[in-house]
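S.K.: First to last, the protein sequences are chains S and X. Sequential numbering from 45 applies to the first sequence in the working numbering. Sequential numbering from 26 applies to the second sequence in the working numbering.
No wet-lab data here; the hints were simulated from the structure. It is possible that some hints are incorrect.
[Unchecked claim] Examples of chain X residues toward chain S, derived with CB under 10 Å: (1) R64; (2) P65; (3) F72; (4) L162; (5) A168; (6) V189; (7) L193; (8) K194; (9) T197; (10) P248; (11) I249; (12) Y257.
[Stated by the list, open to error] Taking lysine-lysine pairs in the DSSO-like style, the calculated list, with each CA pair at most 27 Å apart, reads: (13) S:K449 with X:K253; (14) S:K220 with S:K449; (15) S:K399 with X:K253; (16) S:K701 with S:K583; (17) S:K397 with X:K311.
Note that the structure is predicted; figures quoted are calculated from it, not measured. Backbone N, C-alpha and C fix where the C-beta goes; we use that ideal spot for every residue, glycine too.
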Amino acid sequence: MSQYQHWRLDIDADNLAWLTFDRAGTSTNTFSSEVLRELSAIAKDLKAKNPKGVVILSAKDNGFAAGADIDEFTTFKSADEAYAFTQLGNEVFDEIEALPFPTVALIHGFAMGGGTELPLACRYRIADEGEKTRMALPEVMIGIVPGWGGAKRMPRLIGATQALDLMLTGRGVNAKTAKRMGLVDVVTPRRHFMNAARQLLKNPPPPHQPAFKHAISNWPVIRGFVAAMSRKQVAKKAREEHYPAPYAIIDLWLNFGGDPRNVPAAHKYSVQNLAQHPTTANLIRIFKLQDRMKGLGQSEAKIEHVHVVGAGVMGGDIAAWCALRGLRVTLQDLDHARIAPAIQRAAALYKKKLKEPHKIQAAMDRLIPDVRGDGVGQCDLVIEAIVENPEIKRKLYASIEPRLKPSAILATNTSSIPLQELATGLARPERLVGIHFFNPVAMMMLVEIVRGPQTSDEVMQISQGFVKRIDKLPLPVKSAPGFLVNRILTPYMGEAQLMLEEGTPPEVIDAAAKAFGMPMGPIELADTVGLDIGVAVGKELARPEWPQPKKIQQLVDAKKLGKKSGEGFYKWVDGKPQKNTVSMPADLQPLWMRMTLPAVNEAVACVREGIVADADLCDAGVIFGTGFAPQRGGPINHLKNFGKDKLLAELKLLETKHGARFKPDAGWTAI
Amino acid sequence: MSGMKQKVYVIDGARTPFLKAKGKPGPFSGGDLAVACSRPLVARQKFAPTAFDEVIVGAAMPSADEANIGRVVALRVGCGDKVPAWTVMRNCASGMQALDSACANILAGRSHLVLAGGTDAMSHAPLLFGPAMVNWLADWYAAKSFGQRAATAAKFRLAYLAPVIAILKGLTDPIVKLSMGQTAEIVAKRFGIDRQMMDAFAAESHQRALAGRAAGHFTEIEPIIDAKGNVYKDDDGVRTDSTPERLAKLKPVFDRTYGNVTAGNSSQVTDGAAMLVLASEEAVDKLGVKPLGAIIDSQWSALDPAEMGLGPVHAITPMLLRHGMGLNDLDTLEINEAFAGQALGCLAAWESEAYCKEKLGLDGALGKMDRSKFNVDGGAIAIGHPIGASGARVVLHALKTLERTGGKRAAASLCIGGGQGGAMLLERA
Numbered sequence: 045m046s047q048y049q050h051w052r053l054d055i056d057a058d059n060l061a062w063l064t065f066d067r068a069g070t071s072t073n074t075f076s077s078e079v080l081r082e083l084s085a086i087a088k089d090l091k092a093k094n095p096k097g098v099v100i101l102s103a104k105d106n107g108f109a110a111g112a113d114i115d116e117f118t119t120f121k122s123a124d125e126a127y128a129f130t131q132l133g134n135e136v137f138d139e140i141e142a143l144p145f146p147t148v149a150l151i152h153g154f155a156m157g158g159g160t161e162l163p164l165a166c167r168y169r170i171a172d173e174g175e176k177t178r179m180a181l182p183e184v185m186i187g188i189v190p191g192w193g194g195a196k197r198m199p200r201l202i203g204a205t206q207a208l209d210l211m212l213t214g215r216g217v218n219a220k221t222a223k224r225m226g227l228v229d230v231v232t233p234r235r236h237f238m239n240a241a242r243q244l245l246k247n248p249p250p251p252h253q254p255a256f257k258h259a260i261s262n263w264p265v266i267r268g269f270v271a272a273m274s275r276k277q278v279a280k281k282a283r284e285e286h287y288p289a290p291y292a293i294i295d296l297w298l299n300f301g302g303d304p305r306n307v308p309a310a311h312k313y314s315v316q317n318l319a320q321h322p323t324t325a326n327l328i329r330i331f332k333l334q335d336r337m338k339g340l341g342q343s344e345a346k347i348e349h350v351h352v353v354g355a356g357v358m359g360g361d362i363a364a365w366c367a368l369r370g371l372r373v374t375l376q377d378l379d380h381a382r383i384a385p386a387i388q389r390a391a392a393l394y395k396k397k398l399k400e401p402h403k404i405q406a407a408m409d410r411l412i413p414d415v416r417g418d419g420v421g422q423c424d425l426v427i428e429a430i431v432e433n434p435e436i437k438r439k440l441y442a443s444i445e446p447r448l449k450p451s452a453i454l455a456t457n458t459s460s461i462p463l464q465e466l467a468t469g470l471a472r473p474e475r476l477v478g479i480h481f482f483n484p485v486a487m488m489m490l491v492e493i494v495r496g497p498q499t500s501d502e503v504m505q506i507s508q509g510f511v512k513r514i515d516k517l518p519l520p521v522k523s524a525p526g527f528l529v530n531r532i533l534t535p536y537m538g539e540a541q542l543m544l545e546e547g548t549p550p551e552v553i554d555a556a557a558k559a560f561g562m563p564m565g566p567i568e569l570a571d572t573v574g575l576d577i578g579v580a581v582g583k584e585l586a587r588p589e590w591p592q593p594k595k596i597q598q599l600v601d602a603k604k605l606g607k608k609s610g611e612g613f614y615k616w617v618d619g620k621p622q623k624n625t626v627s628m629p630a631d632l633q634p635l636w637m638r639m640t641l642p643a644v645n646e647a648v649a650c651v652r653e654g655i656v657a658d659a660d661l662c663d664a665g666v667i668f669g670t671g672f673a674p675q676r677g678g679p680i681n682h683l684k685n686f687g688k689d690k691l692l693a694e695l696k697l698l699e700t701k702h703g704a705r706f707k708p709d710a711g712w713t714a715i
Numbered sequence: 026m027s028g029m030k031q032k033v034y035v036i037d038g039a040r041t042p043f044l045k046a047k048g049k050p051g052p053f054s055g056g057d058l059a060v061a062c063s064r065p066l067v068a069r070q071k072f073a074p075t076a077f078d079e080v081i082v083g084a085a086m087p088s089a090d091e092a093n094i095g096r097v098v099a100l101r102v103g104c105g106d107k108v109p110a111w112t113v114m115r116n117c118a119s120g121m122q123a124l125d126s127a128c129a130n131i132l133a134g135r136s137h138l139v140l141a142g143g144t145d146a147m148s149h150a151p152l153l154f155g156p157a158m159v160n161w162l163a164d165w166y167a168a169k170s171f172g173q174r175a176a177t178a179a180k181f182r183l184a185y186l187a188p189v190i191a192i193l194k195g196l197t198d199p200i201v202k203l204s205m206g207q208t209a210e211i212v213a214k215r216f217g218i219d220r221q222m223m224d225a226f227a228a229e230s231h232q233r234a235l236a237g238r239a240a241g242h243f244t245e246i247e248p249i250i251d252a253k254g255n256v257y258k259d260d261d262g263v264r265t266d267s268t269p270e271r272l273a274k275l276k277p278v279f280d281r282t283y284g285n286v287t288a289g290n291s292s293q294v295t296d297g298a299a300m301l302v303l304a305s306e307e308a309v310d311k312l313g314v315k316p317l318g319a320i321i322d323s324q325w326s327a328l329d330p331a332e333m334g335l336g337p338v339h340a341i342t343p344m345l346l347r348h349g350m351g352l353n354d355l356d357t358l359e360i361n362e363a364f365a366g367q368a369l370g371c372l373a374a375w376e377s378e379a380y381c382k383e384k385l386g387l388d389g390a391l392g393k394m395d396r397s398k399f400n401v402d403g404g405a406i407a408i409g410h411p412i413g414a415s416g417a418r419v420v421l422h423a424l425k426t427l428e429r430t431g432g433k434r435a436a437a438s439l440c441i442g443g444g445q446g447g448a449m450l451l452e453r454a
């Protein structure tokens with residue numbers, strides 16, 4: 045009976061309308077203009093049919109809807125097109141809200157952006173209690189505002205404090221939290237969706253009202269206070285010149301009723317202006333690159349059992365993460381006392397991530413201390429994370445390799461030793477690969493998959509699939525010193541330390557880096573990572589034209605290792621660096637230019653040498669591996685946006701001033 | 026009872042350190058313990074945990090939230106949805122019953138690979154409400170009106186709250202109304218075993234356990250790490266300061282004032298688990314593994330509940346005779362030391378012509394067991410007696426001893442509350 049492409053409308057014997065969202069030709073529901081126009085037609089159709097109520101649900105297994113169609117969104121040629129898309133969504137969701145009979149949305153899986161905004165336009169919301177349910181308004185993450193009524197309806201429904209928290213962080217909430225916040229009316233397993241909707245529509249209760257303590261955040265006077273508090277919170281995380289969207293969200297709610305149609309086109313927070321802001325394009329590009337990296341993890345082979353050798357910080361945390369993601373993990377070290385801290389950290393991680401005791405228990409059960417290394421014979425993948433010494437590593441491989449299943453892969457987490465050096469002596473060198481995690485493992489999304497000249501295609505594919513399987517982003521890189529991320533990060537860190545030794549206060553250096561858009565300055569970062577590690581990596585990647593920073597070595601000799609020892613470049617108290625108030629130069633650009641150009645130059649070299657497949661993946665790797673100024677879209681994107689000629693001129697200037705370490709790479713001509 | 030028609034192989038086995046109950050629930054539940062020793066055991070096999078045909082766990086006092094603990098363990102160890110699992114209970118021999126049930130299914134051809142053993146976290150034994158409290162609660166829940174509730178409330182007595190300690194109930198024979206310690210007093214009395222002998226035996230148990238640890242005889246122990254990062258490496262009830270003189274100072278706890286059985290010469294209340302991988306000959310051939318050993322026979326016997334401690338005598342004797350063996354044809358013998366008086370009583374019974382004639386139907390005494398081959402690395406007095414686990418522990422340790430010494434035959438046995446004995450005849454692979 046349905047004349048619609050993306051929706052199915054059925055009216056049952058009780059005169060209830062069931063509207064099923066089933067976008068044609070894809071496994072995920074998203075809102076395109078076409079989808080929205082159909083929904084508008086359906087709203088009119090429904091109004092004429094006048095059913096007792098409408099139930100809106102998704103036919104897709106993965107979720108309700110993933111929000112606006114990002115492909116359509118990114119092909120807009122003008123700011124006006126972006127605005128028109130915003131306007132369309134608003135009008136259609138307004139039509140749904142205005143239907144004269146009760147409406148209820150049934151939400152399972154993800155409900156992102158528009159996927160939460162459509163349910164907000166319904167009178168009731170029912171959510172699946174399953175662990176995959178996630179409701180979110182994540183627009184802020186790509187530099188825009190919740191534009192289809194989210195910023196209007198959510199504060200009204202659950203109070204501004206809670207709504208701003210969700211809109212400004214973009215974080216997703218599960219069904220239980222959504223119920224607690226008042227975002228949904230009913231939480232039930234998906235198998236009861238039909239009954240729950242019928243019961244709700246049979247005796248429609250009054251729509252949800254926020255509790256008093258939440259309602260007052262919408263009151264006059266208090267609103268201003270809430271906005272000011274929110275701005276203060278946001279300012280701690282993001283600068284407005286880099287990230288206008290969170291500031292725009294607060295203003296949109298405070299001054300424009302949460303409706304972007306009320307914002308004049310010329311206003312700095314209008315949809316048109318936000319869409320044109322360079323940050324927006326850069327963040328959307330990163331979002332798509334993230335998808336591209338996930339796509340690199342397609343693999344048929346199943347890794348079910350991982351054996352990790354070395355229960356230090358890296359090995360222990362890798363093992364804990366793999367078990368968290370459902371794999372069976374054996375963790376080997378010389379004795380139980382060495383494994384114990386890793387188990388303790390794993391327990392803390394699981395408590396934080398899994399919360400429910402039975403899930404924590406299951407993850408702990410999957411993580412098996414294995415002093416004898418019994419897991420070697422059963423596992424599908426060995427990850428070696430022992431001391432960075434090629435000889436010791438080769439010795440270990442020699443004892444492991446004969447016991448491996450023929451299908452098993454041998455991986456090293458080395459951050460610096462070339463694979464070819466480790467592959468000598470192996471019977472099957474084609475099965476050796478680098479799987480290089482970053483510290484802290486639980487936080488860092490990126491994993492470099494290091495391909496030695498001897499590594500087979502199949503092993504690369506399986507390794508990439510494994511990384512995707514544990515919800516990390518795989519980045520294939522060629523085996524060359526420092527691979528991609530450390531190689532680009534090292535000259536930046538080194539230059540910052542040279543500046544420090546020349547007399548620039550660390551506070552100024554860190555401020556300059558943050559002005560560029562780094563989430564943390566290089567001096568604070570060195571302290572956070574640990575100066576001993578900094579020295580080791582610096583030595584490994586040293587080049588004759590790079591002067592070695594001396595201060596860091598002196599600090600390490602004095603056992604001042606940074607955050608973990610309580611003092612490094614900074615003194616650390618309660619996990620915070622004690623920064624002095626120093627006079628800041630009016631213009632920080634020369635400082636950040638000098639620090640970041642060595643990194644940009646190295647990125648150019650990496651692209652030229654084919655360390656990664658292309659410049660896009662170079663940017664993605666550096667952003668996800670180091671946090672490199674996301675709003676600039678990575679070093680190569682920064683080069684293009686800022687102007688290649690301008691940067692090249694700066695680089696040459698620095699070369700004459702400071703010497704060969706600033707010599708432009710041969711790749712600048714081609715980039 | 027007749028014997029097993031064929032042998033069943035023991036491919037491998039592991040146990041947790043036995044952790045003495047310290048007055049409050051210990052760090053691990055019964056399920057945690059069985060999982061802790063099964064995980065490394067399973068990880069070192071040549072087959073995946075999903076290859077088991079079944080999992081059988083003996084547990085005498087599983088906690089309320091681990092119903093059918095066998096299935097809990099199977100799933101947690103990673104055997105997957107499709108491996109059936111069950112739980113057996115035969116008091117102190119629950120772990121041995123699990124092994125015997127595995128043998129039965131393997132010999133019947135129903136199973137080829139079985140994970141079996143036992144576990145108990147005795148420190149987790151619950152405190153129960155007495156019947157008076159339960160009845161009062163039932164009335165309270167039934168009361169509907171305010172008046173009914175007020176009337177019920179008025180009937181409440183503080184004494185109702187006095188808990189019933191489940192573990193003491195479990196360790197008291199419901200038929201003869203004797204605590205297990207009292208049955209040991211009876212056995213000791215019968216054979217003239219005095220306090221001094223008991224304490225000397227107990228001290229030696231600790232010394233043997235310490236010597237065994239120092240010599241590396243406990244290779245079956247898999248250390249456990251808890252969520253706080255603490256490592257549990259060894260049996261923590263073994264004492265370096267247990268001398269007959271110190272033991273002599275303890276007061277009797279079962280027959281108070283005049284008795285001889287003290288906490289020091291009894292087995293300890295302990296948390297622990299022991300698990301074994303049992304296999305048919307066909308499975309051993311198919312896997313191409315060298316098993317640790319084999320169970321060649323088993324025997325269950327029963328006797329007067331008031332003398333339950335002599336159960337091993339009644340189980341081991343017919344089993345040995347079936348195979349034409351005498352006591353000292355065994356290269357090692359493990360008898361669970363529920364009580365020093367009881368373990369000594371077993372040895373004395375075999376030496377007693379009267380007992381062997383009257384109770385075992387023999388022509389004379391069976392013989393004198395060489396003490397150097399008996400509980401060589403100490404027993405439950407030093408190591409502890411997590412009821413469900415001990416049966417699997419003695420079998421595993423006897424096999425490990427054969428492996429270490431190159432001996433050929435061993436027996437392992439326990440006395441069972443309620444008046445039974447269980448035994449297994451073992452051989453080295």
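S.K.: Each hint: holds or not?
M.R.: Verification of the supplied hints:
no. : hint               : result
1   : R64                : holds, 5 Å
2   : P65                : holds, 6 Å
3   : F72                : holds, 9 Å
4   : L162               : violated, 27 Å
5   : A168               : violated, 32 Å
6   : V189               : violated, 27 Å
7   : L193               : violated, 29 Å
8   : K194               : violated, 28 Å
9   : T197               : violated, 33 Å
10  : P248               : holds, 5 Å
11  : I249               : holds, 8 Å
12  : Y257               : holds, 9 Å
13  : S:K449 with X:K253 : violated, 34 Å
14  : S:K220 with S:K449 : violated, 43 Å
15  : S:K399 with X:K253 : holds, 16 Å
16  : S:K701 with S:K583 : holds, 24 Å
17  : S:K397 with X:K311 : violated, 43 Å
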